[in-house]
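Generate the whole structure from the sequences, applying the supplied hints.
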Amino acid sequence: IHASFNQVVTATGRLSSSDPNLQNIPIRSDAGREIRKAFVAAPGHVLLAADYSQIELRLLAHLSGDENLIQAFKDGMDIHTAVAAEVMDVAPENVDGDMRSTAKMINFGIVYGITAFGLARRLGGDVSNSEAAEIIENYKARFPRINEFLAACVDQSKGHADGHVETILGRRRAIPQIHARNPNEQALGERMAINTVVQGSAADLIKLAMLDLHRCLPTEAPGTKMLLQIHDELVFEVPEDQIDPVTALVRERMEHAMELAVPLVVDAAHGRDWFAAK
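To get the numbering used here, take the position in the sequence shown, counting from 1, and add 855.
These aren't lab readings, by the way, just hints derived from the structure by calculation. Just so you know, these numbers come straight off a predicted model, no measurement behind them. It is possible that some hints are incorrect.
Stated by the list, open to error - Distance condition first, Cα-Cα at most 27 Å in a straight line; then the derived DSS-like pairs of lysine-lysine:
#  : residue 1 : residue 2
1  : Lys929    : Lys959
2  : Lys1013   : Lys929
3  : Lys929    : Lys995
4  : Lys1080   : Lys959
5  : Lys959    : Lys995
6  : Lys1062   : Lys1133
7  : Lys892    : Lys1080
8  : Lys1080   : Lys1062
9  : Lys995    : Lys1013
10 : Lys929    : Lys1133
11 : Lys1133   : Lys1080
12 : Lys892    : Lys1133
Stated by the list, open to error - Label-pair restraints from in silico Cβ distances:
#  : residue 1 : residue 2 : range
13 : Ala946    : His1034   : 41 to 49 Å
14 : Lys1013   : Gly1126   : 47 to 55 Å
15 : Asp1096   : Asp1067   : 20 to 28 Å
16 : Cys1071   : Arg1036   : 50 to 58 Å
Ideal Cβ placement from N, Cα and C applies to all residues, glycine included.
Pasting the structure below:
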């Protein structure tokens, strides 16, 4: 199978895949797991999957400069527990599963402009819109630099005739919707501005890592091939007797692809097939 990877199809700068789309092979369904088992390494080789951990949240911490979020990552804390403790005003050891789940939804939703209505719907019928709004406001109060950063993304877009924003490496995306008269379309433009800066910066970062690995693998890990990129994850075929040093090399290069205010962390696993490598 020889898929195509497209550089300039997605607006945020992420790579896309086609003919077939190998970035869209599911892993959470039974059928998807069986499909992944069909992707098998060559004899004498294993598949290595290396995945950036919470890359968009780490970039959010770096880009916003929020000291609370940066410190939580530096301390190696479970970021959802750390955020829950701040927002719910409890000690980290007193954070329960429901609190952590709420914080996780906010962490991942904040970049996509989550609303009180959207959060309440995700949390289920026990949380009202007003309660969800209070949770979001508490988040913004505890992590003020994040709120300032999100507003700055929107202001940056509004300050240009074409509505463009820039990623961490200066790549631009025009967002004309930011100047729309229709409030719903303008709100969409605001969400796009925020998402582009964060998700687009994540795309920049993994592309730097890919370029670095493309250069170093032939000399430092001969026999290893980079096979796939699935957004925050890279998949390699590695000679079985080289898996430990290659894993260390890949992790080292990916974790130092860009120097941020927070540490980059890469989770790596290997197996004979793609499913086993997760």
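The hints, checked one at a time:
1. Lys929 to Lys959: holds, 18 Å
2. Lys1013 to Lys929: violated, 33 Å
3. Lys929 to Lys995: Cα-Cα ~21 Å, so holds.
4. Lys1080 to Lys959: Roughly 35 Å separates the two Cα atoms, so the pair is violated.
5. Lys959 to Lys995: This hinted pair holds, its Cα atoms lying about 15 Å apart.
6. Lys1062 to Lys1133: Judged against 27 Å, a Cα distance of about 21 Å means the pair holds.
7. Lys892 to Lys1080: holds, 19 Å
8. Lys1080 to Lys1062: holds, 16 Å
9. Lys995 to Lys1013: holds, 22 Å
10. Lys929 to Lys1133: holds, 25 Å
11. Lys1133 to Lys1080: holds, 18 Å
12. Lys892 to Lys1133: The given pair, whose Cα atoms are some 11 Å apart, holds under the 27 Å limit.
13. Ala946 to His1034: 41 to 49 Å: holds, 46 Å
14. Lys1013 to Gly1126: 47 to 55 Å: Between Lys1013 and Gly1126, where Cβ atoms are some 48 Å apart, the hint holds.
15. Asp1096 to Asp1067: 20 to 28 Å: Given a distance of about 24 Å, which is inside 20 to 28 Å, the answer is holds.
16. Cys1071 to Arg1036: 50 to 58 Å: Holds, at about 51 Å.
Checked against the numbered hints above, the structure violates hints 2 and 4; every other hint is satisfied.
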